[in-house]
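**Student:** Chain G is already provided as a structure; the job is to place chains E, W and A with the ligands on it using the hints.
This is what each chain is made of:
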Amino acid sequence: MANKLNIVEAVNQALMNEMEKDETIVVYGEDVGVEGGVFRATVNLQKKFGKDRVFDTPLAESAIVGTAVGMAINGLKPVVELQFMGFSYPAFNQIISHVARMRNRSRGRYTLPMVIRAPYGGGIRALEHHSESTEALYAHIPGLKVVIPSTPYDTKGLLIAAIRDPDPVIFLEPKRIYRAFRQEIPEETYELPIGKAKVVEEGEDITVITWGAMVRDVQKASEMVKEKGIYPEIIDLRTISPMDRETFIESVKKTGRAVIVHEAPKTLGVGAEIVAIINEKAFLYLEAPPTRVTGFDTTFPLPRGEKHYIPSPERIAKTIEDVVKF
Amino acid sequence: MANKLNIVEAVNQALMNEMEKDETIVVYGEDVGVEGGVFRATVNLQKKFGKDRVFDTPLAESAIVGTAVGMAINGLKPVVELQFMGFSYPAFNQIISHVARMRNRSRGRYTLPMVIRAPYGGGIRALEHHSESTEALYAHIPGLKVVIPSTPYDTKGLLIAAIRDPDPVIFLEPKRIYRAFRQEIPEETYELPIGKAKVVEEGEDITVITWGAMVRDVQKASEMVKEKGIYPEIIDLRTISPMDRETFIESVKKTGRAVIVHEAPKTLGVGAEIVAIINEKAFLYLEAPPTRVTGFDTTFPLPRGEKHYIPSPERIAKTIEDVVKF
Amino acid sequence: MRFEDCNPIGDKHYRILDFEGNVIREEDIPSFSDEELLYLYWTMLFSRTIDEKNISYQRQGRMLTYAPNIGQEATQVGSAYAMEKNDWLVPSYRELGAWLIKGVPLKNIFLYWYGNEWGSHMPEGVRVLPISVPIASQLQHATGIGMANNIKGEKNVVVTYVGDGGTSQGDFHEALNFAAVFKAPVVFIIQNNQYAISLPRKVQTASETLAQKAIAYGMPGILVDGNDIFAMYSATKEAIERAREGGGPTLIEAYTYRLGAHTTSDDPTKYREDEEVEKWKEKDPILRFKKYLKNKGILTEEWEENTKKELEKEVTSTFEEIENKSDTLIEDIFKYHYETMPPHLEEQLEDYKSFLEGGR
Amino acid sequence: MRFEDCNPIGDKHYRILDFEGNVIREEDIPSFSDEELLYLYWTMLFSRTIDEKNISYQRQGRMLTYAPNIGQEATQVGSAYAMEKNDWLVPSYRELGAWLIKGVPLKNIFLYWYGNEWGSHMPEGVRVLPISVPIASQLQHATGIGMANNIKGEKNVVVTYVGDGGTSQGDFHEALNFAAVFKAPVVFIIQNNQYAISLPRKVQTASETLAQKAIAYGMPGILVDGNDIFAMYSATKEAIERAREGGGPTLIEAYTYRLGAHTTSDDPTKYREDEEVEKWKEKDPILRFKKYLKNKGILTEEWEENTKKELEKEVTSTFEEIENKSDTLIEDIFKYHYETMPPHLEEQLEDYKSFLEGGR
Ligand SMILES: Cc1ncc(C[n+]2csc(CCOP(=O)(O)OP(=O)(O)O)c2C)c(N)n1
Ligand SMILES: Cc1ncc(C[n+]2csc(CCOP(=O)(O)OP(=O)(O)O)c2C)c(N)n1
Ligand SMILES: [Mg+2]
Ligand SMILES: [Mg+2]
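These protein sequence lines map, in sequence, to chains G, E, W and A. Read in order, the letters of the first sequence are residues 134 to 459 in my numbering. Read in order, the letters of the second sequence are residues 134 to 459 in my numbering. Read in order, the letters of the third sequence are residues 468 to 827 in my numbering. Read in order, the letters of the fourth sequence are residues 468 to 827 in my numbering.
Keep in mind the hints are simulated off the structure, nothing from the lab. Warning: the hint list may mix true and false statements.
Derived lysine to any residue pairs resembling SDA-like cross-links, with alpha carbons at most 20 Å apart [stated by the list, open to error]:
#  : chain 1 : residue 1 : chain 2 : residue 2
1  : A       : K802      : G       : Y418
2  : A       : K748      : A       : A728
3  : E       : K440      : A       : K748
4  : G       : K353      : W       : L823
5  : E       : K414      : G       : Y418
6  : E       : K440      : A       : L823
7  : E       : K440      : A       : T795
8  : A       : K479      : A       : E798
9  : E       : K414      : W       : G685
10 : G       : K440      : W       : S821
11 : G       : K414      : E       : E454
12 : W       : K748      : W       : G764
13 : A       : K802      : G       : R240
14 : A       : K669      : A       : A728
15 : G       : K154      : A       : K619
16 : A       : K479      : W       : G685
Just chain G, with the same shape it has in the complex (with noise of 0.2 Å):
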């Protein structure tokens, strides 16, 4: 049957059709009940599920946070949201200190099965705070799990699997793919595994790992660089942490070459560590060097100035060309 969604609408569908199955799981967060998130992901919930399971809560991200820990160990799989990423900074303790450390803290007495969603990434126009791809100091904390779908279906394979995690996931979602394109998908509930990357495109010449929004740059690049006779691999590596190395490491053992493309400051964004990965697993089959192509070491400009920062497809195309020449 017909399903055609967009990202925010995959969101939005998955948490339906997970609570629907799962009484024990709960949403809130900063206006997703009332008016359904500012992006509309949790519309219609509170209608359909109540005000006990989906509500609205003062402004305060540590507390959602850190209610998500109590209401985890008290037997309920909270599904909490924080507006933008930018703004889950004031829940920085309560993730590092408890979501990250109560399993281990506990020796595995008090578990933490809940998920913290969060919008990230530029290109919206949108002011100060709201274009954060911090990604990087989420993945850097042991304990934690960090997926970025990419796609409608994946993002409502992903975010079901998340839910059912038995151990805290942060659900970082494109903001500025929401609503870009659509994908028939199930209607119904399906996972997809949480820790394995996608191989987006097949191609010989070189191994190009991103995620999130980029994915789809990633691919306008690929074609401008086809028309050079250059055929990269495109992998989506949809989990951040933990990494499936496996994945780009064979990618690269194959293809000799790697550019790793984040929206992310460079410096230690997620691509330093997939070279590092890349340098530790196939050094000796590397005819260049792995190459980032990422946002610039600067906070992300105000709109006026955004479009230098998140990396094009022609500077992605360009650094292609640049390492496959190498």
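**Tutor:** Below, chains E, W and A with the ligands alone, put in the same frame as chain G:
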């Protein structure tokens, strides 16, 4: 004149010296006034400079850092202490959203000459959250400087430089070696440049890059491998952000091999960035993959397990040998 | 005296003008000259005009997301007018009226909302901090500025604003506590406009008033009719004076209403009834002040007509001055992170420039 | 009734026993059997013994840093005894007395302070969360547990503790606000032991009492003599009952004193006068309760002697059980981060094991 100090005393003397010269410096935080700090880093400062300039605050890290932002805007130079790095996270939002951004946000109209001091690192058989090394989190954020000394001499010179710096500096003190040894250092004020690494030991065979308390462990490892005829060049990074790339790149170009040693978890630790930079800048010189010796990707264990966590001289030596043999 | 009369517990609003613009608290009427009164009214109209123009520019696709202040003009203009030139204003993002009083140039305001950082580069002598987006975080800066005043022995005072939603944040709590402990000269003004995006005030906290939160910090608190410009002025004035004399901080709850949307991306019909909005429209602070001024014979319809036309012209021409001419220079993205640009940023800037010159 | 009598504003302490152990509020005396009374006293002695032994082990280098509770036994034992088995205890780190009442095995307690994570692996059925070191952060968990109870329609209540210092943290504010808004069944107990490490309570906040902070959240608050075990029990009991019946959260300030050091690494003579400590030693909660019990003829010196000896024996033997036998297994460092160990952790574990086997 004899002035043999350990690291924590060097911190104290740097503050003494600078506060005498510069009336705009204020020092505050939890227990820094009357008590002189839980590690005694600020001892006698209140007696000397009065309660206006050196004082205790209520227990709230976000306020300690957030008020420092206001003070710096209003013409003072706050040097605040966070009691342990593991308690910097309640202040994370202030640090990432304001400390790092005020100059850029206001296009230079408001600047923040301020220092956030915190003891960091493990190995003191402490309670949970008292052994953190999350320098990578702060080094990922544009607009911050992150400095980590490893000797009393460097501590004093770098802290003075940090205080004089027109931009905010996160100054992390390796508490494991706070009192490990003394050095004769100048009694008067002196400055060491932020952003400059130091070659601690020259060598031909391999470059070992490290910082903080690990410098001494690397030196021990170096003694071990020298017995086997391997001569490492040891680089103490000293400033984590912005990094002195030149010094280690030059060294790696000479040795062709690199090992990076840090206490923090491996994934997205600062070592990842260093590997990535080496790839970018010295790829063709590499005779072996740049390799990391780090803490595990786990929470820092409570004392009965901590000896496994921090890379031992033996573990470092073993890796050096492996990389040389590669 | 205002504060003694108005215990913050209980729903008693400090008010000087009733809803019809009649004086009900003669003894507290500020002694403004007619020029001052007209200047205040003019500023309220200015603020309203900017809001309305911005909303329409936004609809036309000429402006980005914008957060209007319609309905909150008395709160902002009245309180800010109690400040001296050297006092500091630490805003959140919805304080247009206060910015105008404090001398933030309209060009800055437009530049900011147009998406250019230069909007936050305040002119020398304008002691106003940039907009602070992370809710309630600015209160810590206000306290810090006030603490610095005490340390330096300066007599400036800080006025800072936060929304009703902002009172739930940890930073609200910490900033007020620090301010009270250190007797920082700070006036904390809660613009209780009844909503935090979609969340009604009564769900934000279970306390009867927001003003009573002052009790937690041992500081004076007062609940003020935020649509009464005199009450806002007079309460803020008293708080500022106390602060200036070393009496420490004060919490003011300005009870008002956001007549418009949260921002231009928001659709308030999703979460509130038109009826409620209509009821509050009758309490429009500009109307109330107008009635007073007309009763006093200070304001004529002609003056108002002319003024509105002039304001409209000024707003239009200032906007057109920046429109399509305010793209960010590439250098500016890099230049302001540190006083001296570190090598890696220089390299990134050069690389990017040479990429662009490569013709792509 | 206790709450109505004791408005949290003003320095009025809710108290049942005076400092000499005489009943001054007959109507509120809990109806405990003699066995129960002795059990409570026994638990206070148990707590004191553990503290004293731990301090001496620490001095002998056999124990790591330890945070004693000496002087706060009535606060903890009295309040925790008002809980039912299924109620949740969400501690900070200085709640030894409450742990004992809630059935945390002594072995866990030792293991924890000895530096082994297994100490926080509570036995099934013991609804006690692990120690929370980041100040005030645990209050959010307490509120969350309470909110979950409401959602699930369960009647359990949560009792959580925080220090006087902890009241300054943002998390304190947010947790209490959420609890009040969602009517979460949570009893927040501030152990006001007059110090946060070196910072005296009066510098922590400018509010006259900590209990009055309840007003900011629209919840009941009460100031209780924390060295009076009956007052602590009775106030907590009322708060728990209200919570269980859907009446929402309560804030209790337990006014007590930390007779010992902050932790074994702390030297309190740096920041407080011996005289003050001596004055508080006279108010030792164990002494006060003992006087009451002796007056009532329930307690004999002989019983006390014997009990102390037995407790000492138990504590010693339990400590020796874990001493030098509680090193962390290497696998345990890795095993508990996720339900399933991801490949990179498996690799790190294997690498490390083979490094160790390599004989270095
Ligand atoms: C820390 C943080 N969380 C979330 C947001 C998103 N957000 C922007 S405005 C707003 C509501 C603010 O309400 P209130 O404090 O009442 O101020 P008002 O907008 O009504 O002036 C929210 C949730 C933010 N800016 N910062
Ligand atoms: C967020 C945070 N900041 C700092 C510390 C360090 N610290 C440990 S205990 C303490 C004082 C706590 O005082 P209080 O809340 O009164 O509790 P008490 O120790 O008196 O029981 C401090 C500052 C911490 N554990 N967590
Ligand atoms: Mg509001
Ligand atoms: Mg205390």
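**Student:** Any hints from earlier that this structure breaks? Give me their numbers in increasing order, please.
**Tutor:** 1, 3, 8, 9, 12
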